[in-house]
Amino acid sequence: MSILGFLIPLALLMGLVGLAAFFWAMKSGQFEDLDGAANRILIDEEEDGQ
Amino acid sequence: MNAPTPDLKPGLEAGEACIDSRFTVPGMRCAGCIGKVERGLSAVPGVAAARVNFSAKRVAVSHAPSLTEDGIIEELRKLGFEAERAADNPLGRDDAETRRLLRALAVAGFGMMNIMLLSVSVWAGADAVTREMFHLISALIAIPVIAYAGRPFFASALMALRYRRTNMDVPISIGVLLATGLSLYETVIGGPHAYFDGAVMLLFFLLAGRVLDAMMRSRARSGIASLLGRMGRGAHVMQPDGSTLYTEAERLAPGMVMLVAAGESLAADGQVVEGRTTVDSSMLTGESQPRPAGPGDTIHAGMINLGNPVQVKVTAAAQDTALADIARLMDEAGQSRSRYVRIADKASRIYAPAVHSLAFLSFCGWMLAGAGVYHALTIAVAVLIITCPCALGLAVPAAQVVAAGALMKRGLLIKDGSALERLAEVDEALFDKTGTLTLGEPRPADIGELDPQARSLALALAQGSRHPLSRGLAKALRDAGTEPAVLDDLAETAGMGMTARFQGHDVALVRPEAETAGLSVDLLIDGARTRIAFADPLRPDVGETIAALAAQGVSSGIASGDRVETVAQVGAKLGIPATGGMIPSDKLDLLGERAAAGHKVLMVGDGLNDGPALAGAHVSIAPGGASDVSQQAADAVFVGERFMPVALAVKVARATMGIVRQNFVLAALYNMLAVPLAIFGFVTPLIAAVAMSASSLLVVSNSLRLARAAGRDDAA
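So the protein lines, in turn, are chains R and Z. Per UniProt numbering, the very first residue in the first sequence carries number 1; after that it's consecutive. Per UniProt numbering, the very first residue in the second sequence carries number 1; after that it's consecutive.
Chain Z with its partners taken away, still in its complex shape (with noise of 0.2 Å):
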């Protein structure tokens, strides 16, 4: 079914070893896609093997040596797509705890299935003989199965206690053990009650909890990862013979000459050698403008070059890096937000003790009424296994997976659970301007002006060019039911711009001749000029989104760091508060005002000067267009043009919460029915079994009533 890869390829050494690189390549979205992307590189000569993971957006090539991945990268873009070479994820470390905690799962659903099927002929009246025999293999199965599916639990406990804190995995794991000790004694005694299926079913229960959890944080993490690398992590560092070497970004040092193409961001501070350009200081600095620079001047990592290709002389790499800098402020401001203690968790620190002394009691009070210890001991098991904290360990996550689920459908990615739970106590909202009210690339302010040959003209030079006028004019042309024109000779000249002939005629797409106001570019009909002039537009939406917000008691306000002016301008316009000039420590002193006032602040920005504020605030949001370090810092991360997601995401986390209360309320009205038949000594093997399933059934069907409430409101 894959495309066919023969033994030995032009370009391949027999006995060669082949290396293997991972490239992401956002663009594959069709079955089409992966069969032009694994038959277009394994023609390539050099290259044993191509294989696409889709879900990743990822393809993993096999080749020799001498292919380069630049190389490959460049075979890819002739076949259409975009790729970039895929770094370690530094989102991925989840994946084998996601691994391990399914392998737990299988085990504990292995487990439960075997014993369950035992313990249901105890139940149906089995024999003494019988009886004690099923106990015994049941011991043997549960055993090593709660050794292996309770660490997770068990480890999560001890640390906890080694902290003098309790966590919701104390109480699970005293009750398990308990369980279990009182279980195997019952064995031992040839008693007539064993807990095992109780206490292995506890955890498969709430193991399937943690599961949810982990796989709704390890999706929404892939789905960032994958719109991660649009940053410099590297640059093509200038040799003494001429040609260029790829160096990774760590590895820049002062005095290197990076050569850095337009569209390109700077991996490294330094000082441009050769080459007139401008630079894109909007993620660095929220500075729209576009700024020139030349010979001399000093530009900064981060930073995009617009314009022409230059030679830049590293003077400050890695760690020493005006980007280092904010890296500190980031780490600093993320320290508040370790403090935060999920709902869950919460509950636990007045649900375990209250659990703890109910059994306690129960055991005291069978005690003084004079049965024996082992009798008082069996009912305080009882009473624990009763009390198992599904509702907190499943019906929480189980929500919360739904309701993520819900938002990743409308392009938004939650990273985690805590992020949704703080996310619906928001009760402001404050907004960084260029690249997240704006879309954070040109666009032309007005195609209205140009006749459709020149749009199909235009179309036709833009398409074939990578830079970022190019590619934002394409867009809004395409956007606008626009065709290309088909064009012959066409060629790029690097900082010129596009030249073609059409139908005998020399048509070009240029910069202008003279340095203008904005951003802006030439089309050249037969020696006819029309200036295209870019903006960089509002997303459609935002009006509405504040709208929504206000409707939700959230209000707005812009932080950003451009022009005064500039963003008073905007404020005016969506008609909500608005500071400018902001440097990043002024706005994490603006969150930290804000919080300090007693609210909750959401955060939402793209640029790099924007990550100390999304570490230091209450829950963030990033652009997907955003920076990686941003997207990185931020809980959440939505994708595509609109804005309106922000406002979702909030109303969506307060309904999640609603129902997460909502199942709180139903497994106490459970725990008041069941918890006094325990006390009174009415609960066998056979009532928990029942008791608990029924409970765990009733808070996760529950819970999956979001996937409707969040469908619903398609107009929000």
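The following block holds chain R by itself, in its conformation from the complex (with noise of 0.2 Å):
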């Protein structure tokens, strides 16, 4: 049973760190702006005035 001591503080750290990672992703606006992502991979590079 020993191996609970391990196992349980790991899926803790696992879902704290998804939590985490949500709460940066609100902040940082990732979830502002979901058309234009999707839109952008379709700009053509190549117009760029180079």
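Rather than coming from a laboratory, the hints here were simulated on the basis of the structure. Owing to the predicted nature of the structure, the values given are computational and were not obtained by experimental measurement. Misleading hints may appear alongside valid ones.
To be verified - DSS-like, lysine-lysine: derived pairs with alpha carbons at most 30 Å apart:
id	chain 1	residue 1	chain 2	residue 2
1	Z	Lys409	Z	Lys36
2	Z	Lys36	Z	Lys475
3	R	Lys27	Z	Lys36
4	Z	Lys600	R	Lys27
5	Z	Lys573	Z	Lys600
6	Z	Lys475	Z	Lys78
Take the two lone chains, each set in its own frame, and fit them into one complex as the hints suggest.
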């Protein structure tokens, strides 16, 4: 059963990492422009006045 | 992937602080537009960076202080995009609320998963020592999670109790707190039943409902916000040295002289000092006929200058304008709306006392039957947990979000769930005329008179101008499939019109020399004059919409500020009663009368003069071209030229309430099965968790059926 002492903190830690990642994503505006990212991939780089 | 932004560019001094400005650009519709705007702006001297937010149809520009906002708008125009300053969004306050709820949801989700992990092993039969340790860890996770994720409910419940009322959040808070308290006690004494999982799961499901509700609101509001801003938020004020300076409406003061260009709307009341023009006062009065204004005439904030640029001396600004009176009427009218009780709160008025007395009775019953306080309390908590109001908290917003999403695809933005609830009750509809039943923009009455060459010349001339008549003409010609001719020397003379050369001939689109009855322009080809008259046509599907409303038992009528004869004509054409010549307070009185007669009235209007009626009606809808004030006062906004979204809204709202009622029945059935089990003490935390998830899934999947129901009625 001693494996529990390792696995439970590990599960908690992974959960916390996920939570922190979500908080970061929200704070840094990753969800601000959901449609824009989908469209930006289509912008033609060639046109950039080199 | 973005347009390149070199470190130092012409027009930017090293070390100079850049200022950030935001503009709304409603015309961005594709990936190409993003690239065009970002690259185009970045190439402008003085611009450090430009970043498009495609969802919000905005562009944020970081630029040198020497570059004015007007300059950037002009640059955007050269790129082919109409832009407006993005003022602080008056509807954007909900954003912070949505974020707070999302964070609470994430925390509750984290807690729920980890506690469930531990609970499953307890249910699987962990022995005493392991179980106690797992309960302890669960408690350590649950307490901070509940304290954080439960705040929205606790705060709202406290607020309700302080005013001696109950709402949905009171039974939720009591249930969660009691369950947590009991589970803590279990943990301390090493008992077998801890309900941490149930309490956190309850919070998670209910928060999911709240998040859906908030997201629906903020999505619709950001959609509406991108439509706002066509009205006079400021004016170009003449400076002593002859230049002009853009001044916000709040800073305008009597005595200043504003330069109002064609197509602009006035930001303050004033007197014309120089120039002659025609103004469109339909927003303010509902009167559709433009009226002339010359030196000495008083014109009001909210009117749109259709003709020549004029200089207007401000006589009243900000709080003293005719507009501000309308705003005061609106404030008063809006009071009645706040008394509306949403269906979930209505249900909880019956639900909360029922659940609480049930729990209390089972506690008393078990006490009388000789069980200990502790045992009786466990039973009571099980009753509270099992009767979790998931159907109310999750099913109602789920159904409303699905319905609002379906309506949004059809061009109707609903501001919140309560609007859907009120829409479903409507039995009468009142329409404003100008801008609501009609398009609200001048369109050529008949382009059939023009031969194909004249059409393509007219389009080529018209599309170079921002004048409302030119824009209407260009749109009508483009819709008719006309291709513009290629012109040389295209030039616009303010107040006169457009001139150009076409294959060696002089062509022009100018205003008629003599004053005409209605609006019209003259097309000149080599001196030959063709008059193009303009009218404000009815939306194409007004008749069908009124028929569709009638089929749903909603009778229609017109209440307009326009002249009685004009209104009567439209009424006769559509076969519905029509009243003209109404001022804002007349409309409000009419609504009051209908409400007193027991009718629930849907008001559809666009002008500033409709504002009070929109705020005072049982529920209201404004077209996308409406004044800012009206769009903010209305519960929903429809975009595009079609009127049908109004009838569709009532239909979908009724379907939604049908689903919500089904959900209540499902919840009642579930409670009838589960509550006796809880009262007789058969419910363990395991059964509670399974029952809670199962009932939530049931009502949510029932709500999702709406997506198909709303998607089917294309022909509506």
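**Request:** Below or equal to 30 Å on CA atoms is what counts here, so check Lys36/Z against Lys475/Z.
**Result:** holds, 23 Å
**Asked** Between Lys573/Z and Lys600/Z, is the straight-line Cα distance small enough, at 30 Å or below?
**Response** holds, 25 Å
**Message:** What's the verdict on Lys600/Z and Lys27/R, does the C-alpha distance respect the 30 Å limit or exceed it?
**Reply:** violated, 43 Å
**Message:** For a C-alpha distance cap of 30 Å, please report whether Lys409/Z and Lys36/Z respect it.
**Reply:** holds, 27 Å
**Request:** Quickly compare the C-alpha distance for Lys475/Z and Lys78/Z to 30 Å and report which way the hint goes.
**Result:** Distance of about 19 Å is within 30 Å: holds.
**Prompt:** Does Lys27/R pair with Lys36/Z here, judged by a C-alpha cut-off of 30 Å?
**Reply:** holds, 28 Å
Hint compliance for this structure: hint 4 alone is broken.
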